[in-house]
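Peer 1: The lines below spell out each chain.
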Amino acid sequence: MTIDASWYLTLAAVLFTIGAVGVLVRRNVLVMFMCIELMLNAANLTFVTFSRELNDIGGQVAVFFVLVVAAAEVVVGLGIIVAIYRRRVGATADDPHELRG
Amino acid sequence: MGAGILATVSLPDLATFLVAGVIVVGGALGVVLGRNPVHAALSLVATLLGVAVLFVEEDAQFLAAVQVIVYTGAIVVLFLFVIMLLGVDRQERALVDQFRGQRYVAFGLGALVLAEVLLLGTGHWATGAHATTGALDRPLPNVTELGRAIFTTYLLPFEITSALLVVAVVAAVVLARRFGTGPEPATGESGDPAPDAGGGTGVHDR
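Chains as they are written, first to last, in the numbering used here: chain S, 1 to 101; chain G, 1 to 206.
Extracted from the complex, chain S is given alone in its bound form (with noise of 0.2 angstroms):
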C-alpha cells in the first residue's frame, strides 16, 4: 500500500507556497531565483502524483518537459543575472557607495 496521494498534494503546496513567499520576500535575485525552482518542483511533485493517480504517463511527460523549459530558463536567467550584474558594476564603480561591499 502506498502512501495517499493527498499526502504528496500537501507536501507540494506546502513547498510552493514556501517558494512563493520567498520570491515575495527575498531581495536576492539569485535567491529568488531559487525559489521559482521550488516552486517548479512542486509542481512537478504534483505532475507526478497525479500522474500515478490517474494512472496515465502524461503527467510525467509533462515533468520531462518542464525539466527542459526549467533548464531553459535557468541558462537565459542566470545570463540577465550576470549581464545586470556586470553592467551595474562597471557603470557605478567610482560611486564610492558601491565600493564599500
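Please note that the accuracy of each hint is not assured.
[Said to hold, decoys possible] Partial list, computed: chain S residues near chain G (C-beta under 8 angstroms):
1. Val14
2. Gly19
3. Leu38
4. Val61
[Said to hold, decoys possible] Heads up, incomplete: computed chain G residues facing chain S, CB under 10 angstroms, no partners named:
5. Thr16
6. Val31
7. Thr47
8. Val66
9. Phe79
10. Ile83
11. Phe107
12. Ile150
13. Tyr154
14. Leu165
15. Ala172
16. Ala176
[Stated by the list, open to error] To be clear about the criterion: a stretch of chain S counts as covered by chain G if any three or more of its residues have a C-beta under 8 angstroms from a C-beta of chain G, and this derived list gives those stretches:
17. 2-12
18. 23-35
19. 44-52
20. 66-72
21. 75-85
Everything labelled a hint here was simulated from the structure, so no lab data went into it.
Just so it is clear, CB atoms sit at the ideal spot from N, CA and C, and this is done for glycine as well.
Based on the hints, put chain G in the right spot on chain S.
Peer 2: Frame of chain S, contents of chain G only:
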C-alpha cells in the same frame, strides 16, 4: 489516527515519505531563510534530492534520475558558478522593504496561497478520465512507457523543445556578449567589444 495510517500504508513507504518530506521542507526553508546564497544553493540541493526520492516512491524512476542529473548536477552547479562569479560576500541590495510592511503582506499572501492550494489539492476534484495516453499499470518499465508516450503522442512538443533549447543557447550567447554602450573599464578581459557600438573607436578614445 496513527494506527489507522499504519493499517493502510506500509511502514517503509511511510518512513520514506516522512523522511523525504522533512528533507524537502527543511531544504526549502533553508533556501528562503539562508543569508548566504551558497547555503541557499546547498539547501536547494537537499530539496531537489528529496523530491527525487519522492519520485522514486511514486514509481517515476526515470524522472528521479533526470531530476538528480539535470537539477542537482547542472542547474545548481550553474547557480553556484554564478554566485562565485559575482562574489559570495555581496550584501543584498535594498535591505529596506520597498514599501511598508511588504514582509507581512507577503506572509499573508503565502498563507492565502497555501490555504487555496490545500483546498484544491486535498479535495477529490481530479476525477477525470483515466489513462487517456498511456496506462501506468501495464507491466512495462517506466522508461519504456515514458519514451513511447514522448515519441508518439507528444512528438510535436518534443520537437519544439529542441527549438526552445536552441533559442536558449542563442540567448545565452547574446547576453554574454559585451555591448559597448557604457564606459566600460579597459580590463584585459577576453571578450571583444561589440562591433555595433563603435567599440574599436572607444578603445582609441581611452
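Peer 1: Taking the numbered hints from earlier one at a time, note which ones the structure violates and give those numbers from smallest to largest.
Peer 2: none
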